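Since the structure of chain A is provided, determine the placement of chain B on it from the hints.
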Amino acid sequence: MVNQRLSYDVSGAQKSHWVTRLTGMTKILVLLSLSIIGMVSYDTWYLVALTIFAIIFYQSAHFRWHQVRGLLYAIAAFTALNLALVYVFNPAYGSQIYGTSHVLLGHGFFVLTWEELFYLLNMLLKYVFIVPLILAFLFTTNPSELASGMNRIGFSYKISYAVELSLRYIPDVIRDFKQISLAQQARGLEMSKKAGIWKRLKRSTQILIPLAFSSMNKIEVTTRAMKLRRFGTNKHRTWYMAQKLAKIDYFVLIVTVLLIMIGIGLFWVDGGRFYNPFR
Amino acid sequence: MREQQIIQFSDVSFQYQNQEDATLHNINLSVHKGEKVFITGPSGSGKSTLGNIINGVIPEEFSGKLTGKITINGQSQNDLDLTDLSFIVGTVLQDPDSQFVGLTVAEDIAFALENDARPIDELHRKVAEWAQRLNLGPLLGKHPQDLSGGQKQRVSLTGVLIDNEPILLLDEPLANLDPAAGRDSMKLLNWLVAQQNLTVIIIDHRIEEVLQIPIDRMIVLAEGRVIADDTPDRILQQNLLLKNGLREPLYVTALKDSGIDVNQVTHLSDLTNLKLSQDDYHKLVTWVQQQKLPDKPVSLLPIISLKNMTFAYPKEAAIFKAFNLTINQGEMVALVGKNGTGKTTLVNLITGFLKPQSGDLFFGKENISHDSVKQRADRIGYVLQDPNQMISKTMIYDEVALGLQLRGINSETIKKRVFDTLKITGLYPYRNWPISALSFGQKKRVTIASVLVLQPEVLILDEPTAGQDLAHYSQMMTFLEELNHSQGTTVIMVTHDMNLMMAYANRTIVLDKGGVLADASPAKVLTDKDIIEKAHLAQLSLQVLAEKAQVSDPIEFAEKFISYERRQASGKSTVIL
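Residue numbers (numbering that gives the first Met the number 0), protein chains in the order written: chain A, 0 to 278; chain B, 0 to 576.
In case anyone wonders, no lab produced these hints; they're calculated from the structure. Since this is a predicted model, take the numbers as computed values, not measurements. Heads up, some of the hints might be wrong.
Chain A regions said to be covered by chain B (calculated; three or more residues, Cβ under 8 Å) [claimed, not checked]:
hint : stretch
1    : 108 to 119
2    : 235 to 246
Straight-line distance between alpha carbons at most 25 Å, and here's what the computed SDA-like set of lysine to any residue pairs gives [claimed, not checked]:
hint : chain 1 : residue 1 : chain 2 : residue 2
3    : A       : K234      : A       : R174
4    : A       : K201      : B       : S371
5    : B       : K392      : A       : K234
Here are some chain B residues the structure puts well away from chain A; computed CB gaps all over 12 Å [claimed, not checked]:
hint : residue
6    : R117
7    : R182
8    : N327
9    : N409
Idealized CB from N, CA, C, for every residue including glycine.
For reference, chain A alone in the conformation it holds in the complex (with noise of 0.2 Å):
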């Protein structure tokens, strides 16, 4: 932990596999699109198909296991959380949305039917769907072009580099916080595993004062700098790494827009969001 050091790869190395080498628009436009018909559908087999083409993508970005590892429990666990949650506040909203009760086991309040169940299922599925297609996106995307990227489908510069200098400051405030936690430690702020854990956490406060100011020094000193070469003055910046759409991002695109016209259809087959296996 103490030891890494943090930064993004810009070295290019990653860039042999298809995923990697769709533009930041692309990429965008397609993880854009696809959440909000997926969040809107419920149609079981549709959301199955949407999983399907997330997964393609993310076995192509070809991720190690031990880089995905702590997101995926974690996302896992919330998953788990949140359908125990849905479940325990409304154990008949299955029921109330498609109309029918097939009692599958138990009574009163927390009857299960069916229904529920089939319910809880599409909503897993939305997860199942999701998170691999932000993970092979995100992680493949490189904040320069996600930056270009915005700019591109209608974002502002501004916001636009905003988003890409935050999150290439990740790294840099990570480390700063493990430094500026050492030199706390150093000066007599007991913060390894010989103090409990109650008042580390409440040490670990005392951190974010220098934190704050020396990333403030920073800020003020990189908008200087990005001042005096004349960002923000121009209605458009032009980007050095803007990309040319390339045949695979054309496909892509096209792949995308059909799913999406295919929802939509089915919102017409399904007569609504939801596909109804018990009528």
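Just chain B now, with coordinates in the frame of chain A:
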């Protein structure tokens, strides 16, 4: 005027909004096209403020009262905003790390052109063209943060020069550079100026280093006023630099001390072409013969020993492999080596900030490998390079008292010890000030005080004198030396400052490529040309002078002179604030 004036200040004063007094008073100066102008002054003299007026940061970013008439490139500054000015004045800021905005070197170089919305193929063409010119090709895809100090400097210069501003303004271009990288940067600058027909303004307080390249004119500021505006030769002939807390090139001080009439010396500011008469050489040699060599006590009682230590950052090659080093009790050690060679890493292994993959650390005879950072800090005090990473309180007194409070010492003792430390470090008059009102150098002193107050047996300082002007520098070092003599405190200094090393260290450890390249007296290290080159060190100007005078032992000459200088300085070092 024969040449065309490109910058003209008449009667310019500036007062920051939240300050009682003006920072600059009635400044009159002019810069001609193609000139290399060097603006210097002690900290707080207003030299950075002056730079900020030239590039338009004042009044746009800092508000205040700006009066007088400023003309830049034929236009009145009133009609130019920061953006207009950025086409005329290119600025390289002091801290290269925080001025890098691009994710990669290429993007950073292209940044200004991107903001001008130039077409993409032009961006790529120009970046490639400039990368070739400045030999940056292999670096284009790297993170600017991962470069060496000298490379960073080259990238920031390129990012500014790419859109052909006629004036280049450099704020402390030599901060954070090792001596060799500093010299290379100055040479590169000199070459660029000739190539691109630039007008250059350098703002710095490292006079000897800047004068390594020919400078047309020096402007000296003190307390917000121009106190000298002349050729470097004529300014060095006078005594106004030392009087104003600035260090003049040491060889010049040596000439003056030995009674040579520097008014008769030609090329005084240019050591390579400096000409002395036979009589002068004679004076120099006799003067040195009269001086005593300082005695530096040596102890052989180990206090910190690293045994078989191996360390690597994750996924990187090992920096240290089975590394051994022993520091003895009571030594004053200078840890030197080029940027990025692992000096700070080594210190971090001693303080426990980094954990080695294998190996042990001993304090005396005790193995402290498993002690926490805090436990180690009780005996080994560490002052980081960047004071902002250490300061966590808003008031000076509280900051210095923090370590004692955390150790549960009673408030009476705390008060006494804090006051004592504040007096020693010259911060006593400021004890009730907010830290935010202090300069970088003053903050650095606060952090040194906050570690000293704990009375550690070993004191490690990363670049202790960075940002300190001459008066505070001598005062602080004299104090550390006294601490070393009277308490036997072991002092380890990580530094790029050869004069500091020569003056105060009794042992120099030169790190290079994960090993100890040399471990000897500073004098020995500085006489070995091979080590100097490998470790990016620099010969002292005094050595060069001694060689010119054909002194038999140039390093003894330098040692004697520096020791004489130090005695002079410590005699004067009453608290100057």
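How the hints compare with the structure:
no.	hint	result
1	108 to 119	violated (count 0)
2	235 to 246	holds (count 7)
3	A:K234 - A:R174	violated, 35 Å
4	A:K201 - B:S371	holds, 18 Å
5	B:K392 - A:K234	violated, 42 Å
6	R117	violated, 6 Å
7	R182	holds, 25 Å
8	N327	holds, 23 Å
9	N409	holds, 15 Å
Hint compliance for this structure: hints 1, 3, 5 and 6 are not met, and every other hint is.
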